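Chains as they are written, first to last, in the working numbering: chain Y, 495 to 628; chain B, 3 to 331.
Take these hints with a grain of salt, some might be off.
Simulated DEER-style distance windows between Cβ atoms [stated by the list, open to error]:
#, chain 1, residue 1, chain 2, residue 2, range
1, B, His113, Y, Gln617, 35 to 45 Å
2, B, Arg128, Y, Asp602, 48 to 58 Å
3, B, Ala230, Y, Arg625, 18 to 28 Å
4, B, Ala108, Y, Gln617, 56 to 66 Å
5, B, His113, Y, Asp602, 16 to 26 Å
6, B, Ala108, Y, Asp602, 23 to 33 Å
Listed below are the simulated DSS-like cross-link pairs for lysine-lysine, each with C-alpha atoms no more than 30 Å apart in a straight line [as the list claims (entries may be wrong)]:
#, chain 1, residue 1, chain 2, residue 2
7, Y, Lys592, B, Lys239
8, B, Lys238, B, Lys268
9, B, Lys239, Y, Lys593
10, B, Lys268, B, Lys239
11, B, Lys238, B, Lys134
12, B, Lys239, B, Lys136
The hints are simulated quantities; they were obtained by calculation from the structure and are not laboratory data. Values in this document were obtained by computation on a predicted structure and should not be read as measured data. By construction, the Cβ of each residue, glycine as well, lies at the ideal position given by its N, Cα and C atoms.
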Amino acid sequence: MREHRLYQADWLMRFYGFTHDEIVPTSQQDMLALDMDPKLAWALAHRERFPVNLNTAPRELLLRVPGFGVQTVDRLLAARRVRRLRHADLARLHVPLKKVLPFVEAADYRPGRALDAADLAAQLAPPPVQRSLF
Amino acid sequence: MQRHTITLDHPTDWPGFRQAARALVQANVPPQAVDWRCPADAAEDLFAPEPAARNTLPSPAPDAPTLRVPPDFVHLCEQLILHRDPARFALMYHLLWRMAQGGSEADAARHDPLDADRILAHHMVRAVARDKHKMHAFVRFRPVVEPDGQTQHMAWFEPDHYITVANAGFFIRRFTQMRWAILTPDASVRWDGQQLHTGPGAQRSDAPPPDAGEALWLTYYRHIFNPARLKLAMMKKEMPTRYWHNLPEAALITELAQTAHERSAKMVEAEATVPRRRIAGTTAPRARPAGGAPLSPAPPRASPGTEGPTPAVSSATAAPAAATGRATP
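Work out the full structure, taking the sequences as your base and the hints as a guide.
What follows is the structure, given as structure tokens:
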């Protein structure tokens with residue numbers, strides 16, 4: 495799992511424009527979180543940067559939304575040249591809606607108070623899996 | 003509003019579609035005023051008119067501009083026409099019509115990756131590409147010796163879409179030196195070494211029955227099937243079950259999968275076998291130089307008390323005595 499998180503962190507630096515001091519928070523003794531991916535961990539620690547407006551935000555900020563990959567962002571940018579992006583377009587993009595919706599706003603959608611929830615991390619992190627002893 | 007009915011020569015009649023669509027767009031005919039027919043779908047259509055000798059294409063409107071479309075739209079349509087859905091012609095014409103309107107409608111049809119028509123078209127094209135790829139993998143030829151002594155390899159296949167003629171190029175490049183034929187319910191293709199011949203659809207009974215070589219293939223398949231590495235979900239993902247009834251080896255899979263678990267358990271429990279130092283059945287052992295140095299490079303062994311390799315044993319009775327110290331490598 496640590497190796498998986500290291501690969502994810504490497505990917506963030508190469509393709510998503512993160513710097514290393516953004517990924518590794520000093521509060522956790524310079525260790526990556528095991529229970530959630532580094533991008534989601536960063537977004538939860540920097541909620542003041544969200545929600546991101548899908549129709550006006552620059553590419554660098556769109557790349558920081560949890561659940562958005564590089565291909566999704568490129569399709570978004572191509573689509574928003576000819577249309578105003580709405581909530582239904584997120585469904586057509588096949589993104590994980592539960593992860594994405596608290597962090598974005600669209601022409602007909604606002605996340606409201608979702609970002610202020612105290613247990614947002616628990617809601618968004620993947621549920622723990624019982625490993626087998628045998 | 004006058005309705006137009008266009009009947010194409012065959013289900014993948016791309017030049018016919020192109021000519022008709024060009025004329026219709028230039029005559030400003032909206033998509034809802036056109037009925038697209040082709041002979042394969044006529045049998046299921048309740049409202050099919052009598053087949054006309056020639057399509058009556060409208061003349062272009064006086065103010066019709068020349069329509070330009072992106073080249074990848076043309077490639078998309080060339081693949082899309084191979085799909086089996088009868089609504090493909092209407093979808094292609096609808097996209098073309100929207101591109102001709104200009105303004106935001108044309109921009110959406112040309113450039114919008116989230117446009118509903120474009121998404122549907124891309125799904126259909128991906129289905130056609132997947133079907134072509136599976137056809138590359140699952141066509142099985144059976145040789146037939148003809149009266150003039152030459153061998154013709156014949157195969158029966160049932161593709162999901164009308165891809166047979168479009169896929170013939172792959173088999174020509176792969177089996178150029180052989181004479182082969184692929185029969186499908188929609189069309190058949192035959193290669194005589196020089197030229198490709200296309201023909202109408204055939205039936206399964208036209209294809210040859212299993213030949214003598216098939217038993218060898220089945221035996222080979224049974225022996226390379228590794229029971230310890232069986233992953234049925236992955237296998238069915240790569241080799242969907244709808245192709246199994248035309249694959250000779252698929253009949254063995256159920257039985258092999260059922261016995262896989264106990265076979266691999268037996269492999270785990272079985273005694274370790276001793277690797278032979280020499281192939282059994284060779285004649286005299288070769289003379290060894292003094293000092294016991296090995297003639298052929300042998301892997302370093304941790305066997306106690308022996309210097310150099312012990313002489314090869316080819317009889318099972320002598321093996322256990324020498325092998326007890328080396329049972330686990």
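Hints and how they fare:
1. B:His113 x Y:Gln617: 35 to 45 Å: 36 Å, holds
2. B:Arg128 x Y:Asp602: 48 to 58 Å: 30 Å, violated
3. B:Ala230 x Y:Arg625: 18 to 28 Å: Taking Cβ atoms as reference, Ala230 of chain B and Arg625 of chain Y lie about 23 Å apart, which means the hint holds.
4. B:Ala108 x Y:Gln617: 56 to 66 Å: Given range 56 to 66 Å: violated, Cβ gap about 43 Å.
5. B:His113 x Y:Asp602: 16 to 26 Å: For His113 of chain B and Asp602 of chain Y the Cβ distance comes to about 22 Å; the hint holds.
6. B:Ala108 x Y:Asp602: 23 to 33 Å: 25 Å, holds
7. Y:Lys592 x B:Lys239: Given pair Lys592 of chain Y, Lys239 of chain B holds - Cα atoms ~28 Å apart, limit 30 Å.
8. B:Lys238 x B:Lys268: Roughly 25 Å between the alpha carbons, so the hint for Lys238 of chain B and Lys268 of chain B holds.
9. B:Lys239 x Y:Lys593: Holds, at about 28 Å.
10. B:Lys268 x B:Lys239: The hint holds at about 28 Å.
11. B:Lys238 x B:Lys134: Status holds; Cα separation ~17 Å.
12. B:Lys239 x B:Lys136: Distance of about 11 Å is within 30 Å: holds.
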